[in-house]
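Each residue of the sequence shown is one higher than the one before, starting from 1 at the first, in UniProt numbering.
Because the hints were derived from the structure by calculation, they are not lab data. Careful, some of the hints might be misleading.
Simulated pairs of lysine-lysine, DSSO-like, Cα-Cα distance not exceeding 27 Å [what the hints assert, rightly or not]:
1) K195 with K243
2) K201 with K191
3) K183 with K603
4) K265 with K491
5) K341 with K330
6) K852 with K842
7) K80 with K603
8) K603 with K235
Derived CB-CB ranges, DEER-like [said to hold, decoys possible]:
9) S701 with R883: 41 to 51 Å
10) A159 with D773: 14 to 24 Å
11) R484 with D249: 50 to 60 Å
12) T826 with S701: 36 to 46 Å
13) G613 with L63: 20 to 30 Å
No residue lacks a Cβ here, since even glycine has one placed at the ideal position from N, Cα and C.
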Amino acid sequence: MSSGARAEHPGHPEGWLLWTRAPSVAIAGREPDPEANESSVTEHDHDHADDVYDPARLQDKWLPVWDELQPFRTSDPGDKRPRKYVLDMFPYPSGDLHMGHAEAYALGDVIARYWRQQGFNVLHPIGWDSFGLPAENAAIKRGLDTREWTDANIAQQRASMRRYAASFDWDRVLHTSDPNYYKWNQWLFLKMYEKGLAYRKASWVNWCPFDQTVLANEQVIDGRCERCDNLVTKKQLTQWYFKITDYADRLLDDLKQLEGSWPSKVIAMQRNWIGRSTGAEVDFEVEGRDEKLTVFTTRPDTLYGVTFMVVAPDSDLAAELVADADDEVKAAFEQYLDTVKRTSEIDRQDASRPKTGVPLGRHAINPLTGERLPIWAADYVLADYGHGAVMAVPAHDQRDLDFARRFDLPVRVVVDTTAPVTGAIPVIETDADGVPVLPDLPSIDPAVTGEALSGDGRIMNSGPLDGLSKSHAIKRVIELLESRGVGRAAKTYRLRDWLISRQRYWGTPIPIIHAQDGSLVPVPEDQLPVELPPTAGLDLTPKGSSPLGAAKEWVETTNPLDGTPALRDADTMDTFVDSSWYFLRFLSPNDDTQAFDPREADKWAPVDQYVGGVTHAILHLLYARFITKVLFDLGYVSFTEPFSALLNQGMVQMNGSAMSKSRGNLVRLSDQLDEHGVDAVRLTMAFAGPPEDDIDWADVSPAGSAKFLARAWRLARDVTSDPSIEWRTGDVALRRQTHRFLAEAPGLVEAFKFNVVVARLMELVNATRKVIDSGAGGGDAAVREATEVIAVALSLFAPYTAEDMWQRLGYQPTVSLVHWRKPDPTLLVEESVTAIVQVDGKVRDRLEVSPKISAEELEALAKASAPVQRALGDRTVVNVIVRAPRLVNIATRG
């Protein structure tokens, strides 16, 4: 590190690696004396009683010291330590830090501080995800400038983070609303445009009527806007998209790289969202139309059971099919479409809703049977799944069956679900015309029962497929389709292309110019960034179109190709673009020549440990994975996954529910810090339970944490021995407990069992106090050793308290850079245990042995025992039972 050099612990070659500061950064004009137990760092140290634990005083004392030392810088090119990149999901600056932030940054900081103690150079940066709707809406509501509102919140949160003592590298700070950041958003957009991954099209989009902007599918939760919770509707607009579907297979298959290091829940959520399905595309001719109607199905084996076709009413296909229909059909369709537009997608997919639809007056032709199939529009089919159309097999799909029964459409069984799917093909009964039938058909006929037959079985009523199992029938029907040129094997995905256009002001301007002839012209890279205009004179009130379009001086520009008048694109980018690559910008946050230095990416990336809420399991993580793969393909990074390991923390609640003003259960972090101190709040977050579990603040005790910290702090006050004392001379039992802690804690931290580490610390503090109070006093070498271990370990959770303890023990700041001591293996061996030796059920001897003794060794010792030999005499040993290390039982006969 640039602020110091390592030195061995005085008198302990195997001990602590200490960090000493260069004279140029001495506090109050002098270096602390490493030989003094009560060395001071600031002139006002003794303004308060030394025997009183005062969290506020410790914060005032040590913050200026850390500001001057800047111990967490990672910019020294000569630092040869191995590297770790620990990253917390950066916050949105919507106000001061809250209790959720307190948990996330406490846990992330434990990890960063731990790896420094293990000898790593740890990159732990922080920034702000500062573009987006909340800031814009808040500024509009208050009549404030959006920039000023955002910058004020950033300043407030920065001050709170500094107070919270997270070990950030404050030389690596960014916020996404800075033109020096979003310039590179625009650069990334242009690279994707060049690669064909950014495109513009007209389509039906999710529309939030409250925020007056479009939303990506991922931003619609249960039919509502994830930001404002209002119902989402549909609107047809021309929008910009990123072609994430080109990477669907890689996004899915590369999840295997993350198994074991990401929560299985998150991996499952990503897999489900991408939603790969395998099956076939089938081409149906449409009477009176040259273009075929293509559908995707996972069950092409049921093709003989299709009795009608259904298309999404809000799809282009439906509009095309009804274009030549008679006026009555058109009118009914238009009326139905208006109803569908007012229905959320979540409602449309609700299986319990009565099915609705209208006929389009057109017919399709089954490519295998030649049967005419009526085409309907129905809202249970979505425009953005597959081709926006389905072949309806009502006997074997409940949605199709409900629709068929509602509109009296045919139902044809083509899978005998009563037949075994393995073994010999059963004899299939036929009717008088030779058509296979199910046994007792009326009793299980879906047209009668209303229950679709969804299970596997043998194919029937399907000509050449009859008698085949599902898998064999799928293979055979695909062969038939391909041989006739009317179908093919195919895959489809639930994942849709990423809609990035937003009709709002507070976001990254899209770097595209619209020429007079309608062509799209990329803004030249040397003209980036395209900065947002000032808000003065702009009406930012949501109105359905981007307010940037009304900024005449900004939107009117010239075509860089020929100098003719042109217009800027008035939309801004989805803020998930900002957060999809920010982890790379931290590597070169002040570089104005490139988004990030690929050489720095080779050194630091990917992120070794990412920490954040599970609410981002789909949106942010999926987009970051996608952009990383794009950058890999473009040659900018050498890895394909951005985050090697992921830790999700739970929520902080109050009385069983999320905190909010409206519920009257809001707990303010600033109040908790004022009342209990930063260290107590941080320690409480770590001690409350496993990180992934929710914390109910009503069930925890920051006051109890503060009492424990005071107890630990007083240990350092009571140590009277010199730092150079020989530790081996101390209390053996305490030394054993200290070294067991040294041995166990690293594994617990790496398993994220922070609460267990805190519990072990509490036990060690109690054991150390017991030795002091038993008469040995603070001069016992084991007391000093244990207290030093406590201070170093406590720095993971309570840095102010630990730093003050470290100073009182006679050392220079900062304890956070002291390396974790290796345990003495001789102290990890348990004391001897007593093994009982019995001969014919009577105890003949007791042996003091190692708890790790083998059964063979214990048996040999028992037989060699003089009392045992006397008891055996001339008797014959017939059986020996050994339960090492506690028991040997020898059975004999005369």
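Given pair status - K842, K852, alpha carbons within 27 Å: Holds, at roughly 25 Å.
50 to 60 Å was suggested as the range; check whether the CB atoms of R484 and D249 agree with it. Since R484 and D249 have Cβ atoms about 28 Å apart, the given range 50 to 60 Å is violated.
Are the Cα positions of K195 and K243 separated by 27 Å at most? holds, 10 Å
Compare the distance between the alpha carbons of K183 and K603 with 27 Å, and conclude whether the hinted pair is satisfied. Roughly 24 Å between the alpha carbons, so the hint for K183 and K603 holds.
Evaluate the given range 36 to 46 Å for the C-beta pair formed by T826 and S701. This hint holds: roughly 38 Å between Cβ atoms.
Restraint status (C-alpha distance of K201 to K191 at most 27 Å): OK: K201 and K191 at ~19 Å, within 27 Å.
Starting from the range 20 to 30 Å, see whether the pair G613 and L63 falls in it by beta-carbon distance. holds, 28 Å
27 Å Cα cutoff - pair K341, K330: Within the cut-off at roughly 16 Å; holds.
Please verify whether K265 and K491 have alpha carbons no more than 27 Å apart. holds, 24 Å
Would the hint linking K603 and K235 be met if the CA-CA limit is 27 Å? violated, 46 Å
Check the hint pairing K80 with K603 against an upper bound of 27 Å on the C-alpha distance. holds, 11 Å
Is the gap between the beta carbons of A159 and D773 within 14 to 24 Å? violated, 41 Å
Consistency note: the structure conflicts with the earlier hints numbered 8, 10 and 11.
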